[in-house]
Structures are given as structure tokens and as C-alpha cells.
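Put together the whole structure using the sequences plus the hints.
Chain by chain, the residues:
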Amino acid sequence: MSKNAFLAVLTQRVGFGIFLLGKLLRFIFFFGFIFFLLKGTNRLAGYDLNQTLLFFLTFSLIDTLSQFFFREVYRFRPQVISGNFDLVLVKPVNALFRSLMGGADIIDLVTIPPLIFAVAYIGSLLHPGILHATYYILLVFNGLILATAFHIAVLALGIITLEVDHTIMIYRDLTNLARFPIDIYKGPAKGILTFLIPVGVMMAFPAKAALGLISFSGVVWSVALGVFALFLALRFWNFALKKYASASS
Amino acid sequence: MNKYWQIFKISFAQEFAYRLNFIMWRVRNIMQIILVYFLWSSVFVDPSRQVFGYNREKILTYVFGILVLRAIVLSARVVDMAGEIANGEITNYLVKPISYFKYWASRDAASKLLNLSFAAVEVIVLYFIFRPQIFIQTDFLILVSTALSVGFAVVLFFCLLFLVNLVTFWMPENGWAAQFLFIAIITEFAPGGVFPLDIFPAAFQKVLYCLPFPYLLFFPLQVYLGKIGGLTLVGGLGMAGVWILILILAVKVVWLKGIKNYSAEGR
Numbered sequence: 110m111s112k113n114a115f116l117a118v119l120t121q122r123v124g125f126g127i128f129l130l131g132k133l134l135r136f137i138f139f140f141g142f143i144f145f146l147l148k149g150t151n152r153l154a155g156y157d158l159n160q161t162l163l164f165f166l167t168f169s170l171i172d173t174l175s176q177f178f179f180r181e182v183y184r185f186r187p188q189v190i191s192g193n194f195d196l197v198l199v200k201p202v203n204a205l206f207r208s209l210m211g212g213a214d215i216i217d218l219v220t221i222p223p224l225i226f227a228v229a230y231i232g233s234l235l236h237p238g239i240l241h242a243t244y245y246i247l248l249v250f251n252g253l254i255l256a257t258a259f260h261i262a263v264l265a266l267g268i269i270t271l272e273v274d275h276t277i278m279i280y281r282d283l284t285n286l287a288r289f290p291i292d293i294y295k296g297p298a299k300g301i302l303t304f305l306i307p308v309g310v311m312m313a314f315p316a317k318a319a320l321g322l323i324s325f326s327g328v329v330w331s332v333a334l335g336v337f338a339l340f341l342a343l344r345f346w347n348f349a350l351k352k353y354a355s356a357s358s
Numbered sequence: 029m030n031k032y033w034q035i036f037k038i039s040f041a042q043e044f045a046y047r048l049n050f051i052m053w054r055v056r057n058i059m060q061i062i063l064v065y066f067l068w069s070s071v072f073v074d075p076s077r078q079v080f081g082y083n084r085e086k087i088l089t090y091v092f093g094i095l096v097l098r099a100i101v102l103s104a105r106v107v108d109m110a111g112e113i114a115n116g117e118i119t120n121y122l123v124k125p126i127s128y129f130k131y132w133a134s135r136d137a138a139s140k141l142l143n144l145s146f147a148a149v150e151v152i153v154l155y156f157i158f159r160p161q162i163f164i165q166t167d168f169l170i171l172v173s174t175a176l177s178v179g180f181a182v183v184l185f186f187c188l189l190f191l192v193n194l195v196t197f198w199m200p201e202n203g204w205a206a207q208f209l210f211i212a213i214i215t216e217f218a219p220g221g222v223f224p225l226d227i228f229p230a231a232f233q234k235v236l237y238c239l240p241f242p243y244l245l246f247f248p249l250q251v252y253l254g255k256i257g258g259l260t261l262v263g264g265l266g267m268a269g270v271w272i273l274i275l276i277l278a279v280k281v282v283w284l285k286g287i288k289n290y291s292a293e294g295r
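Going line by line, the protein sequences match chains C and X.
Following our numbering, the numbering of the first sequence begins with 110 at its first residue and continues without gaps.
Following our numbering, the numbering of the second sequence begins with 29 at its first residue and continues without gaps.
Don't read these hints as lab results, they were simulated from the structure.
Treat the hints with care, since some could be wrong.
Claimed, not checked - If the Cβ cut is set under 10 Å, some of the chain C residues that face chain X in the computed set are:
#, residue
1, Q121
2, G131
3, F142
4, L146
5, G149
6, T150
7, R152
8, G155
9, E272
10, I279
11, L286
As the list claims (entries may be wrong) - Result set (SDA-like, lysine to any residue): computed pairs, CA atoms no more than 25 Å apart in a straight line:
#, chain 1, residue 1, chain 2, residue 2
12, X, K37, X, V149
13, C, K148, X, R77
14, X, K288, C, G124
15, X, K288, X, I274
To be verified - Covered stretches of chain X, as calculated for chain C (at least 3 residues, CB under 8 Å):
#, region
16, 57–64
17, 193–202
18, 206–219
These numbers come from a predicted model, not from an experiment.
Cβ coordinates follow ideal geometry from the N, Cα and C atoms, glycine included.
Now the structure itself:
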């Protein structure tokens, strides 16, 4: 399925090139912004330049990985509206797997290796110990579990409400709030973003763990939250499937 | 003129037909502003701190000003034009006694009015939630200059977006990719919509000022904040004016070439 998705993108090379350029430009703009901002202010919410860059790069890595794996979610609405989702349901492949990961994005595949290199380089400048580096990797995986849960919930909501495009963009906007250290938010906003809509746990906790700011119990609690969110999302998906009316087929 | 007034009214009504679409777009704008607000609030925890020529009052005015200016300048319906060219719907307009340019200008005006109305309410609500210090400009001449620069920005953005959409005449399947690059990337950053451009080194700013993008959001806000005046103000308005002339000319030339290339595919 991913091979087909790659070939489909490569048939439109101009579009591929423009999208890749766009993603690179956005990354460069934000990277430049953080660099020049921290040059002028020295610290952002108590973090220095390299630490702030680690937050940004970790956000970029988790965001890009989830877009790479879950691009098919962006194509789910037409399937439900047209009734073509029936054809997915009758095939001998898990309908959730097909809808979630049925078309990986080759554009993101291009950007993932340099991002991993950048994370490793900036991370090494901060000299984390083996324990904190392990926490970091574990929490990045946990971030991906939370991202999976979010995407499954979007799919389920899509079956019930026929609305996917805006829900996924709202999800993207919410995660974008963790592009900078979550500590910039004050009062209830910080609590909401960390615990209620756990973009803080998803995007910011790995970088905090690498900086030694998350304890073992914090890591356990975060992983438990990720597993619980995934469990809830799967239950929601099963509930939504029962509501699918196959209306247009 | 009456027909364009009718298009304006119909387009305004159409915006309400897709309410969820519109509300989600506004929610997304607010979320972006919340990010920028908290970011700058954390930089300017100390109200007396001066960074990049801004104090807390001026930077928060910049953030709120962006919300309003985005509604006036960047809200546009002309984004739908690429789809009409790609699927051949533009043929319907070519055979009608109507200017395609004015048609989209009328639709854009309707979109801007609706977005501005919502942005005004959002600014009031956000103001009462965050209670930020806001800089109120009282100099009449500066306010007139701000209004003039905003007017220039509206025309500039319309021409730029129109031109980007015309690419679809040659690349019907990639018109949306060109739009993505222009709207999602270039107009997010180059006009200062996420952060003020004066955090960049002076040499980079000089290059940016030679392009049309800073005149969309950054320049009008600088004028409002009183950071630009005198000859710099006149020079900036002149540069924006020159870009408008260049872009109008470019739109006309590319439109004529595009129409000759158009083969009504899909019809």
C-alpha cells in the first residue's frame, strides 16, 4: 500500500517538489526564528538556545513521523462520503490499519533522516546521560502512541459526523501549540495543554526528559496515559464502526 | 456595478452556508494567535524589557493587530479559482458579460467583511480573557497612513493570490501545490504573520523589504505602532505601490497567456 502511495506521489513530480520545498521553508523559517529570538533574548521560558531547539526538533520529529505514517487519514472522508469504505470493510485487511496507515507520505520520508540527525546532534550538545536519553526515546514512542490515538479518534469521528478535514487540522493546530516549550503557557492553559489535551506529554515531555526534568514516575505516568488514550481511541473506533450506515453505496 | 454588488451579497450568504467550515477557519486563526501571544508574553514577562525595539505593550499590540489584519488582508475566496480553472468551470464565466477579476474582488470583499466582523468579536473576547496592555495610536496622520497601507496590502494580496492561481492554466493538477507554497508557507512567515520581521538581521530585512510580502502585514503594523514614519513611511508606501503596479501588469499578461493556453478540460 505504501509503495503504491509513493508511486502515486512520484507521478506528479512538480507537486512533490513544491510540497517538499514548502515543508523545508517552513522548517527553516521556524528554525531561523528560534535562533534569532534566542540570540536577542538569551532564554525562552527559562530554556537556552539549544534546549529550545531540542523542543522544536522533537516536535518536528513526532509531527513528521505521524504525518508520514498516518497520511491516509487525510483521504478518509471521501471514502465514507462515497460509500467506498464498504470496499475496505469487505477486504481481508484490518479496516483500521488500512484507513490509518494505508498510504504513507514519501515527502515526509525524505525529511525524517535529516530530522533524526538534527535531534541527535542538538541532543548531544546537551550531554544527557544514558538514562535520560532512554527516557527521551521512550517518550518519543509514547508521543507516537498518543498521535496514533488522536488519528484513530479523528477517523471514528469521521464515520459518525462525516467530518475529517477540519478535525485533523484542529488536531494539527493543537499540536502546533507544543512547537515551543510548553512552559511558555501560563495558568490554566498550561494545565489544559499538558493533561487535558495531552500535547505537552506528546511533544514536550521527551525533550524535558532529555534535559533531566522528568522523573521515572513521570515517564511511567506518561506511558500509562498514552496506553489509556490508545485504548479509548480503539473503543471509540469500534463504537463508530457500528454506526457506519454505508449511506452512499 | 450592480451585478458585482449582487455577487458580493450572494457570496456573503454563501459563507453562512458552510458555517462549520468558516467557524473552524476562525478557530484555527485564534489558536495561532494564542501560541504567539503566550510566546511573546513569556519573552516580555518584565513589562519594562525592550527586545528588538519592542516592549510588552507594543509586541502584544502586534499580536492582536495580526489577528485583525489577517482578517482584512489574508481572508480571500480567490483561492477557489485554481479549482475552477482545473475542472473547466471557468468557462461559465468566460461566456458571461462579467469581469472575472472584479467577480473575485467582489467575493473577496464579502469574505473580508465577514472575517473582520468575527475578528473584531474575537479580539474583544481575547482582550477580556488575557487583559493585555494594548498600545492605542492616537495620531490622526499615523492612523490615516495605517489605513492607506492596509488598503495597499489588500490589493497586493489579491494580485499575488490571483497570479498564483493562474499557474493552474499550465499545471492543472498542481495549482493547489502552488497555493500551498504561497498561502501556507510564504504568507505565514514573510509578511510577519507569526513573528515580527525585525528580529532578523538588518541585511535580511533589507532584502525582505524589496519583496512585496512585508507590505501585507508587517509594514501596516509598523506604521500603526509608530515605528515607521517620515521618509521611510513614504518609501514603504511607494514600494508597495510599485509592487501593485507590477503585479497588476503581471496578472493581465499572465491572464491573457493563460486564456490562450486554456482548453476547457473537463467540459
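Against the structure, the hints come out as follows:
At its closest, the beta carbon of C/Q121 sits 6 Å from a beta carbon of chain X; the interface hint therefore holds under the 10 Å criterion. Checking C/G131 against chain X by beta carbon gives a least distance of about 5 Å; that is within 10 Å, so the hint holds. A least Cβ separation of about 5 Å between C/F142 and chain X falls short of the 10 Å threshold, and the interface hint therefore holds. A cut of 10 Å between beta carbons decides the hint on C/L146: the least distance to chain X is about 6 Å, and the hint holds.
For C/G149, the suggested interface contact is upheld, since its CB lies about 5 Å from the closest CB of chain X, less than 10 Å. Hint status for C/T150: holds, given a least beta-carbon distance of 5 Å to chain X, under 10 Å. Given the 10 Å rule on beta carbons, the hint for C/R152 holds: about 9 Å separates it from the nearest Cβ of chain X. Against a cut-off of 10 Å between C-beta atoms, the interface hint on C/G155 holds, since the closest Cβ of chain X lies about 9 Å away.
Taken as an interface hint, C/E272 checks out: its beta carbon lies about 7 Å from the nearest beta carbon of chain X, inside 10 Å. Proximity of C/I279 to chain X holds as hinted, the smallest CB-CB distance being about 7 Å (cut-off 10 Å). For C/L286, the shortest C-beta to C-beta distance to chain X is roughly 5 Å, which falls under 10 Å, so the interface hint holds. At most 25 Å may separate the alpha-carbon atoms for a hinted pair to count; X/K37 and X/V149 meet this at roughly 22 Å.
Restraint check for C/K148 and X/R77: satisfied, since their Cα atoms lie roughly 15 Å apart, inside the 25 Å limit. For the proposed pair X/K288 and C/G124, the alpha carbon gap of about 23 Å is at most 25 Å, so the pair holds. Simply put, X/K288 and X/I274 have alpha-carbon atoms about 21 Å apart, close enough for the 25 Å limit, and the pair holds. Given as covered by chain C, the region 57–64 of chain X passes the check, having 4 residues with a CB less than 8 Å from a CB of that chain where 3 are the minimum.
A stretch counts as covered by a chain when three or more of its residues have a beta carbon under 8 Å from one of that chain; for the region 193–202 of chain X and chain C the count is 3, and the coverage holds. Residues of the region 206–219 of chain X lying with their CB closer than 8 Å to a CB of chain C number 8, which satisfies the three-residue condition for coverage.
The structure is consistent with each of the numbered hints, conforming to all of them.
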